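Trainee: Listed here are the chains, written in short residue letters.
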Amino acid sequence: MTRNERRHLRNGLCFALPWLVGLSVFVLYPIGASLYFSFCDYSTLQPAVWIGADNYRALLADQVFYKSLYNTLFFAALSLPLGLIVSLSLAILLNTGVRGLTVFRTIFYLPALVPIVASAMLWLWMFNGQYGILNHFLQPLLDRISDVANGLLRLFGVDSRVALAAPTWLASPTWSKPALVLMSLWSVGGSMVIYLAGLQDVPTELYEAAEIDGAGWWRRIRHVTLPCLSPVIYFNLIIGIINVLQTFTTVYIMTGGPFGGTNGNPLRSTLFYALYLWQQAFEYLRMGYASAMAWLLFVIIAFLTLLAHKTAGRLVTYSG
Amino acid sequence: MEPRSSPGKALALLLLVIGSVIFAFPFLWLVSTSLKPNEQATAMPPRWIPKAYSAPVGGERVPVVKDHEIRSPSVIVRLTDGPRRGETVLIGREDCVDGKARIPVAGRTVWMPAEHVKDVLPGWWYVVEKRAGLADLQIETSARWDVVPADQIEERIAPAWANYPEAIRYMDAARTASGVQETSRWPVFFVYLRNTLTVCVLGVVGTLFSCSLAAYSLSKIPWRGRGVLFAVTLATMMVPFPVLMVPLYGVFKTLGWIGTLKPLWVPAFLGSGFNIFLMRQFFLTIPKDLTEAARIDGCSELGIFLRVVLPLSRPVLAVVALFHFLFAWNDFMQPLLYLTRQDTFTLSLGLQFYQSQQGGTDWSHLMAASTMVVVPIIVLFFFTQKTFIKGIATTGLKG
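If you read the sequences in order, they're chains X and V.
The numbering used here applies: residue 18 is where the first sequence begins, and numbers increase by one.
The numbering used here applies: residue 3 is where the second sequence begins, and numbers increase by one.
Careful, some of the hints might be misleading.
[Said to hold, decoys possible] Quick look at which bits of chain V chain X covers, simulated, 3 or more residues with Cβ under 8 Å:
| # | stretch |
| --- | --- |
| 1 | 247-253 |
| 2 | 271-280 |
[Claimed, not checked] Covered by chain V, per the in silico footprint, the following chain X stretches (three or more residues, Cβ under 8 Å):
| # | stretch |
| --- | --- |
| 3 | 86-98 |
| 4 | 164-177 |
| 5 | 191-199 |
| 6 | 258-266 |
| 7 | 269-283 |
| 8 | 313-321 |
Just so you know, the hints here were simulated from the structure itself, not pulled from any lab data.
Owing to the predicted nature of the structure, the values given are computational and were not obtained by experimental measurement.
Glycine included, each C-beta is placed from N, C-alpha and C at the ideal position.
Same shape as in the complex, but just chain X (with noise of 0.2 Å):
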């Protein structure tokens, strides 16, 4: 090793040393410790205890991990694709020209700075069985929808009487997830201002030929915007993969129970995997096993990740 070579290397170590020192005590030992951890029955009240692969085979028995599994699951795969509607169709609407672009983004950006803690308690009452604003503007609706389907069908002689009642939302075992991804399109503002600054980049000539061959919204959109914007997209699904199935704090919140907490109220309705896995992580310190689900989790995401990546990354278009 010359002179320079050493010099580089301590200078390279020096500045990296704060980083070194973290990466080794916050990220790599704990990686290491919970994978020791998932095999081992640890309370932190006793030294762990090495008992093979016990967690995992009781995980894989355990219903209720099925059951936050499937909650989890169920979330992700109605709030990635909603949100990704959501946040596209903003995008590609602002970015038609319109005037007023910066007071529009504002708009539909700042929920998404809004507080988590926050945003559960506004949604909370928004939601509110007895006084909560949506219903009151959903029940009218609904109304005017039965009686205008009892009228239809008693134009063919059925003696109809529909009355659609508005879901009682967060107290409902069935309403209860769909309540919980319509509040998370509300932040969907950070992905559009991601989708925007990607259309901006997007070079107009490419609009104009395809314009110029006689393309209409659609296929320009269909043809132009969604590949040249694809790695982008891409990108977004990835990480929305792995942010979504480590939901937490909403659910902790607001169908935690009384105090917030881990019941995924109504009926483990909304007991999500990673509430289940603090549950048994910090309620009842079964550490061994919390660890098991991290790592079952680890693995749930690097798969989604792959599966993605096989599927959806085949129709990223990269443009050089």
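Following the hints, complete the assembly by docking chain V onto the known chain X.
Mentor: Using the frame of chain X, we list chain V on its own:
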């Protein structure tokens, strides 16, 4: 896309206007609720504008709460005998016959001698005097009331600004109720605020310090092993927090930091993968000629870092600082995990604690408290809008 046809543009504008109404709606409802007296927050049908009402009660015009509307013909009578003698009550007209009134006494209804005071028509309002300084939560049973025609009630627009200081006071009441020792004379809201700012500011300083150093090492110093370090940094970015959570808790417990703010800001001084990655990508765009020239001129590595690279990196430093501040302000999971005493809570945790203590009926004060947690972030956004929008775009596009 720039459709030249104006119908297309008009349609886009229409859709955007509808969209903004929908997106702004929850915000407006938050602020509107936070400025209403609580009985108006839960009034049905809901109203957007907070009002103050006044009506004649016992001969003089006083501030009142519109309690309910009278639906059927009724009378007000004064009881002249019996255990509730002297009381004035509102009863249905059919409950008053021949100088006697049917009233509930000790769980059953009995007929009592009573004198007729006034007839009440459907559509009139039962109003209760609202005394200054009293919380809106319960209307005192001893408060004066009357029944008046709707046109005698005067109303004016009156935002209940007092909800904000009251919310701060109620958050403090939760402290006493939970048996936590008073450690400061400050209302607990300001203790939360101080804790949050501590975590945010120290976290930002720490992140800028550690991440820029590491990013410099990974982009500008050609040392053996930096490739490996960068690969490890990238790989660990993928690891979800729940994997780290249990052992991290153990680490901080060993250090004796559980129940203090340290787990929330000390790690920032030791770097974070994503921010290092972001800064490294930016540093790579600084021409090598600049750093090499400084090196040949005999400038030390630290000198190059401080005098050449950092001044050119303001945009990325601003983005990282802003995003870390936002993250620390919003974070709920880690404070929940590490903080045990109320006087170490951050605003997020404190707001949730307040909500869990007050039992979920006092919506206007809860919305006022929530607004106070939201507003600083919104103000920050308006002052740093350009950095924000550019930051999201770059982290999302190239990250």
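Trainee: Against which earlier hints does the structure fall short, listed by number upward?
Mentor: 3, 4 and 5
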